[in-house]
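> Based on the provided sequences and hints, a complete structural model is requested.
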Amino acid sequence: MRNYENVITAYIIMLLLIICVGLFQSWSIALTILNYCLISAVMTIGANMQWGYAGLINFGIMGYTALGGLAVVLVSVEPVKKAWQAGGLNILLSMWVIIIMVISIRFILKKFNKTKTRSLGILSILIFGIYLIRSTATPGIEAIEAVDPARYGFLGGLGLPVLLSWIVGAFFAAGLALIVGKIALGLRADYLAIATLLIAEIVVSIIKHEEWLARGVKNVIGLKRPAPYEIDLQRSEWFIKIVEKINLGKLNLIQSISDRQDALKQMVIDASSIYVKLCFTGLFLSVVIILLIITQKALYSPWGRKMRAIRDNEEAASAMGKNIVKEHLLIFVLGSAIVGLAGAMMVTNDGLFTPGSYRPMRYTFVIWVMVIVGGTGNNFGAILGGFVVWFLWVEAAPIALFLINIFTAHLPATHGLKVHLIESAPYFRFLLIGIGLLMIMRYRPQGIIPEKIIKQ
Amino acid sequence: MMDILNALTVLINFTVIPALTYGSQLALGAIFVTLIYAVLRFANFATGDMMSFGTMFAVLLTYYFQTTGINFGFLPTALLTIPFAIIAMIIYMLLIDKFVFSYYRIKKSPPVQFAMVSVGVMFVTQAIIRIIIGPSDRRFIDGEKFILKANEFKEITGLNEGITLKSSQAITVILTLIIVSIMFWFLNKTKTGKSMRAYSDNEDLALLSGIDPKKVVMITWIIAGILATIGGVLYGLDKSYRPFVYFNNMLPIFAAAIVGGIGNPFGAFLGGYVIAFAEIFLTYSYKKFIMYVLPEAFAPDTMVQAISTDYKFAVSFSILVIVLLIRPSGIFKGKTI
Amino acid sequence: MAFFEGIKMTAGYGDGPDIISSCNINVNRGEIVAILGPNGAGKTTAMKAMLGLITLKSGSVCLDGEDISKTSPQDRVKKGISFVPQTRNVFAELTVRENLEIGGFLREDGLEGMIKNIYELFPILNEKQSQIVGQLSGGQRQQVALGRALMSEPSVLMLDEPTAGVSPIVMDELFEHIIKVKKTNVAIIMVEQNAKQALNISDRGYVLVTGKNKFEGSGNQLLTDPEVRRSFLGG
Numbered sequence: 015m016r017n018y019e020n021v022i023t024a025y026i027i028m029l030l031l032i033i034c035v036g037l038f039q040s041w042s043i044a045l046t047i048l049n050y051c052l053i054s055a056v057m058t059i060g061a062n063m064q065w066g067y068a069g070l071i072n073f074g075i076m077g078y079t080a081l082g083g084l085a086v087v088l089v090s091v092e093p094v095k096k097a098w099q100a101g102g103l104n105i106l107l108s109m110w111v112i113i114i115m116v117i118s119i120r121f122i123l124k125k126f127n128k129t130k131t132r133s134l135g136i137l138s139i140l141i142f143g144i145y146l147i148r149s150t151a152t153p154g155i156e157a158i159e160a161v162d163p164a165r166y167g168f169l170g171g172l173g174l175p176v177l178l179s180w181i182v183g184a185f186f187a188a189g190l191a192l193i194v195g196k197i198a199l200g201l202r203a204d205y206l207a208i209a210t211l212l213i214a215e216i217v218v219s220i221i222k223h224e225e226w227l228a229r230g231v232k233n234v235i236g237l238k239r240p241a242p243y244e245i246d247l248q249r250s251e252w253f254i255k256i257v258e259k260i261n262l263g264k265l266n267l268i269q270s271i272s273d274r275q276d277a278l279k280q281m282v283i284d285a286s287s288i289y290v291k292l293c294f295t296g297l298f299l300s301v302v303i304i305l306l307i308i309t310q311k312a313l314y315s316p317w318g319r320k321m322r323a324i325r326d327n328e329e330a331a332s333a334m335g336k337n338i339v340k341e342h343l344l345i346f347v348l349g350s351a352i353v354g355l356a357g358a359m360m361v362t363n364d365g366l367f368t369p370g371s372y373r374p375m376r377y378t379f380v381i382w383v384m385v386i387v388g389g390t391g392n393n394f395g396a397i398l399g400g401f402v403v404w405f406l407w408v409e410a411a412p413i414a415l416f417l418i419n420i421f422t423a424h425l426p427a428t429h430g431l432k433v434h435l436i437e438s439a440p441y442f443r444f445l446l447i448g449i450g451l452l453m454i455m456r457y458r459p460q461g462i463i464p465e466k467i468i469k470q
Numbered sequence: 013m014m015d016i017l018n019a020l021t022v023l024i025n026f027t028v029i030p031a032l033t034y035g036s037q038l039a040l041g042a043i044f045v046t047l048i049y050a051v052l053r054f055a056n057f058a059t060g061d062m063m064s065f066g067t068m069f070a071v072l073l074t075y076y077f078q079t080t081g082i083n084f085g086f087l088p089t090a091l092l093t094i095p096f097a098i099i100a101m102i103i104y105m106l107l108i109d110k111f112v113f114s115y116y117r118i119k120k121s122p123p124v125q126f127a128m129v130s131v132g133v134m135f136v137t138q139a140i141i142r143i144i145i146g147p148s149d150r151r152f153i154d155g156e157k158f159i160l161k162a163n164e165f166k167e168i169t170g171l172n173e174g175i176t177l178k179s180s181q182a183i184t185v186i187l188t189l190i191i192v193s194i195m196f197w198f199l200n201k202t203k204t205g206k207s208m209r210a211y212s213d214n215e216d217l218a219l220l221s222g223i224d225p226k227k228v229v230m231i232t233w234i235i236a237g238i239l240a241t242i243g244g245v246l247y248g249l250d251k252s253y254r255p256f257v258y259f260n261n262m263l264p265i266f267a268a269a270i271v272g273g274i275g276n277p278f279g280a281f282l283g284g285y286v287i288a289f290a291e292i293f294l295t296y297s298y299k300k301f302i303m304y305v306l307p308e309a310f311a312p313d314t315m316v317q318a319i320s321t322d323y324k325f326a327v328s329f330s331i332l333v334i335v336l337l338i339r340p341s342g343i344f345k346g347k348t349i
Numbered sequence: 027m028a029f030f031e032g033i034k035m036t037a038g039y040g041d042g043p044d045i046i047s048s049c050n051i052n053v054n055r056g057e058i059v060a061i062l063g064p065n066g067a068g069k070t071t072a073m074k075a076m077l078g079l080i081t082l083k084s085g086s087v088c089l090d091g092e093d094i095s096k097t098s099p100q101d102r103v104k105k106g107i108s109f110v111p112q113t114r115n116v117f118a119e120l121t122v123r124e125n126l127e128i129g130g131f132l133r134e135d136g137l138e139g140m141i142k143n144i145y146e147l148f149p150i151l152n153e154k155q156s157q158i159v160g161q162l163s164g165g166q167r168q169q170v171a172l173g174r175a176l177m178s179e180p181s182v183l184m185l186d187e188p189t190a191g192v193s194p195i196v197m198d199e200l201f202e203h204i205i206k207v208k209k210t211n212v213a214i215i216m217v218e219q220n221a222k223q224a225l226n227i228s229d230r231g232y233v234l235v236t237g238k239n240k241f242e243g244s245g246n247q248l249l250t251d252p253e254v255r256r257s258f259l260g261g
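Top line first, the protein sequences correspond to chains A, B and C. Each residue of the first sequence is one higher than the one before, counting from 15 in my numbering. Each residue of the second sequence is one higher than the one before, counting from 13 in my numbering. Each residue of the third sequence is one higher than the one before, counting from 27 in my numbering.
Hints are computed from structural coordinates only; laboratory data are not their basis. One or more hints might be untrue.
Claimed, not checked - Taking lysine-lysine pairs in the DSS-like style, the calculated list, with each CA pair at most 30 Å apart, reads:
| no. | chain 1 | residue 1 | chain 2 | residue 2 |
| --- | --- | --- | --- | --- |
| 1 | B | 201 | C | 142 |
| 2 | B | 201 | B | 178 |
| 3 | B | 226 | C | 104 |
Structure below.
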C-alpha cells in the first residue's frame, strides 16, 4: 500500500482546497467547483484512455462533448408536435436519402475496381444526392424553424428520462469516433491531432447552425434534471423542517419572529441550492467511481497490458501479431464514448445546451492540460488532473485579483495600471494554466502522479 | 456581351478579390507553420496567438503614432509600425525558444511532446495578449479606405455592376507577394537559406558539413516572426483585430499548410489560396451571376449557393480531411523546405 | 607518427559494453586504409570514435600530432576531417550543386574553383548539376556524397561502406574515383564489406574481430595471408 500514499495525500490536499473555497467563498461555489471537477475527471478518464493507454492524440474532445450535450436535448426534451407536423416528414425523408447514398457508395466501392467510371459514378451519386437532400430538407427546415421560433423552432426530443441521455450521449460520441477513427487513425501523431481538432470543429459548426435539430446558437434552456428543483424543495414541508433543525442554534439567537421567519426563508433558499448540487455530486461521484473501477480493472487486465505494449513499442507489438489498427480504433471509440458521457453530464448539470460555447480552448486544450498535469497512463492521475486544473481554472481569477490588490496596494484606486490589471484578472487563468503545463512538462513530465508508482 | 462582362464583374468583386486577399493572409500564416515544421519539426499550436502577439504591438503603436500625429500619407499608419512590431515579435519568439523549446530540442523529444509544449506556449501567449490589450475587437486602419469605388468603376466602364477595391486588399496582396518572393529568394539563393534547407532535409549531415544548428534555428524564428507579424497585421487591417479570432485562424492556416504539403513553403503559399478560393467559391451565392449569364426565363429563385456561409470554416476543414485521406503528404508533396 | 591515428581506442554506446577495445588505426596522407571484419566487429564504431560521434573511454585520437580526443565532431570537421555516412549521406531534396555548396559551407573563398575541381573528378555531376539528388541513381548519389565530403578540401576522408547497395560495375567505378581522390594527397579510411575489392585498392588494411585488431598489413599481404583468406575472404 505504500505506493498509494502519494495518491492519497494528493487527493486530500485537493479536497482541503475545495473545503477552503467553501469556508472562504461559499459552499454553493465549492459544490459547483466540485461538480465540474467530477465532470472534468470523467473527460480526462476518456482522454487518458486514448493518450495514456494507446498514445493517440485526440484534440477533438470538444466535438464529442458537444455530441454528448446534443444527446441530452434529443433524448430528454418533449417532442415539438407542431414542428414534426410541419417538417418532420421532410427531415425523415432526407435522412433516408443519406442512408441510401452511403449504402450505395459503399456497395460501389466494394464491387467495382478503381476506375475513372467508378469515381465519376460516386461523384454523380454525391451531387445528385446532395441536390435531393437539399430540395427535400430545405422546405422542411424552413417550416420547422418557423414554428414558434422564440420557444421552439426545432423538432424537440423524445421526452425520455434525462439519465438515459447519458448513455445515448456516449453512443453518439462512439459513433462519431468510429467514423473519425476509420478516417484518421492511420495518420502521424501530429496530423492526427490537427485532423481530430478540425473534424470536431465541423461537428460543432453543424450543431451550431442546424437550428431544426437543437435550436443551434439560440440555445435550449430548461432541460430536465435527474434531481429535484429548488422551487419544489423550498415548498416542501420536510425540507424546511430539516433546514430548521440543522440551523436551530442560529435561529434561536434571533428574537423577533418575523426576522426569524425571513432568516429561515433565506436558509431554505440557500440549502435548496446546496441540496440540488449535492444530488448532482452524488450522481457524478457514482459515475466517476464506476468508471474508475472499470478502467482500473481494464488497465491491469491482459488487454490493458497489451494496449500499453502497443503504446510503448508499436513495431514489436505488431510483429507479435497484435492487430494495432483494430485495438487503436477500439480504444479511440471507448475513450470518446466516455467523453460523450461527460458532455451529457455537463449539459444536464447546467440545465441548458449552448452550442456557441463549445470552443477548442475550453473543451480540448484545457482537458489536455488536465491529462498531462495529472499523469498520463493512470486513472488516479487523470482524475486528479481534472480536479487540479479545473480548480485552478476557476479560482485563478480570484487568486489573481487578490495578488493584484496586494501588489498594487500602494497605488491609488484610480491608477491606470491598477484599474487595467483588475480588469484583466480573468485572463490570468490562461497564464496560470500555461505556465503550469510548461512547468509540469519540463520538470515532471510524468505528471503529478506518475504511471510507475501505480504499477504493482 | 455586356451581360457576360457584368457577370464577370460580379464574380471578381464578390469572389476573386476577397479570396485573393484572404488567401494571402492564410498563405503567410501557412508558410510560418510550414517553416517551423520543416526546421524545428513540430506542429506549432501557438501559431494563431503568435500572429496575434505581433499584431498587438502594431495596433498599440498605431494608436500611439496617431496620437503623436505621425502618419503614412494615404497609406495606413499600421504599415509604419510593422518593423517595430516585428522586432518585438522576434524578441518574444527567441525568448520562448530559449526558455521553452530549446530544452526539448536538445533532448530530441518526439514531435508530440513539442506539440503539447506549444499548447502551453499558446496559453501563455494568449494570457499576455489579453492582459495587455484585452479581448475586444479593434479596428486600426486609417488613411484612404478605397482605391476603387463601385460607382467610379461603373462610371468608367459603363457596366451595371461595380468593382470595389479596398486599399487594405491591395496592400495585402502586394505586400504578400513581395514578402514571399524575398523569402523564396532567400531560401533558394543565399548561403544561409540553403543551409536552412539542408538542415531541414538531413540534420545529421548538415552538422557534419559544419552548419551551426543554433544559427539555423534562430534564422528560422526570425523569418517566422516576420511572416507571422505581417500576416497578422494584414489580416487585422483587412478585417479587424480580435485575439479570439486570431486563435481560431490557426485552424484554416493549418489546413492550408497541410493541403499544400506541410514542410513545403511553396505548397503552403498555394495552399493558402486553395483554401481561400474553395471557401469563398463554395459559399458564394451565384444568383446574380446566373441572372446575367442565362436568359431571363431560367432566372433562379433560390440563392444558388453550394453551401451556406455558416459553414465557411467547415469547408476548409473538409478539404483538409479529404486531402489527408487521399494524399496525406499534401497536394504539393511536403516534408522539407 | 602517422598523420591521423586512433591509439588504443576503447569505446561503446552509452553504458553498454565496450564495442571496441584497445583498437589502433592510423593513416597517412595519400594512403587508403581499409577496415575489414565480420559483422559486429566494431568497424563503424571505430570510425565513429575517430570522428568523435562517440566518446572514448580510454585511448586517444591524434591529427597531425595534435591530440583531438576531446574535440566535438563539428570542430574535427573544421580541422579537415570529412565523413561520408553509410546511409542518408546526401541532401536528397537539394540539387547536386547545392549539395556541393553545403559541403563547402565552411569555406571562406574558392567555392567556385572547388566545385569545378569536383566536376572534373566526377564529370557526371557537372552534367546533372541542377537535378534534385533524390532523383539520381544509387551510384550517382554516392558520387554526390563523395563530392560533398571533398568540398571542404579535407586532409582525412572517412567512408562508411561507400559501395553498399550498388551494382558491381558501379562499385568498380566508385573505387576508381576513390583512388583519384587519394591522388590528391588525402588520407582515406574506409569501412568495407566487399573485402577483396577493397583490399585491391588499399595500401593497408586492418581486420577487426570483436573490437580488437586481429590482423594488419599491406593490401597484398592481407590478400595472400592464408588465415585472412580462410576467415574473411571466402577461401
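> Are residue 201 (chain B) and residue 142 (chain C) close enough, with their CA atoms no more than 30 Å apart?
holds, 19 Å
> Check whether the Cα positions of residue 226 (chain B) and residue 104 (chain C) lie no farther apart than 30 Å.
With Cα atoms ~17 Å apart, residue 226 (chain B) and residue 104 (chain C) stay inside 30 Å; holds.
> Can you confirm whether the C-alpha distance between residue 201 (chain B) and residue 178 (chain B) stays at or below 30 Å?
Cα-Cα ~35 Å, so violated.
Consistency note: the structure conflicts with earlier hint 2 alone.
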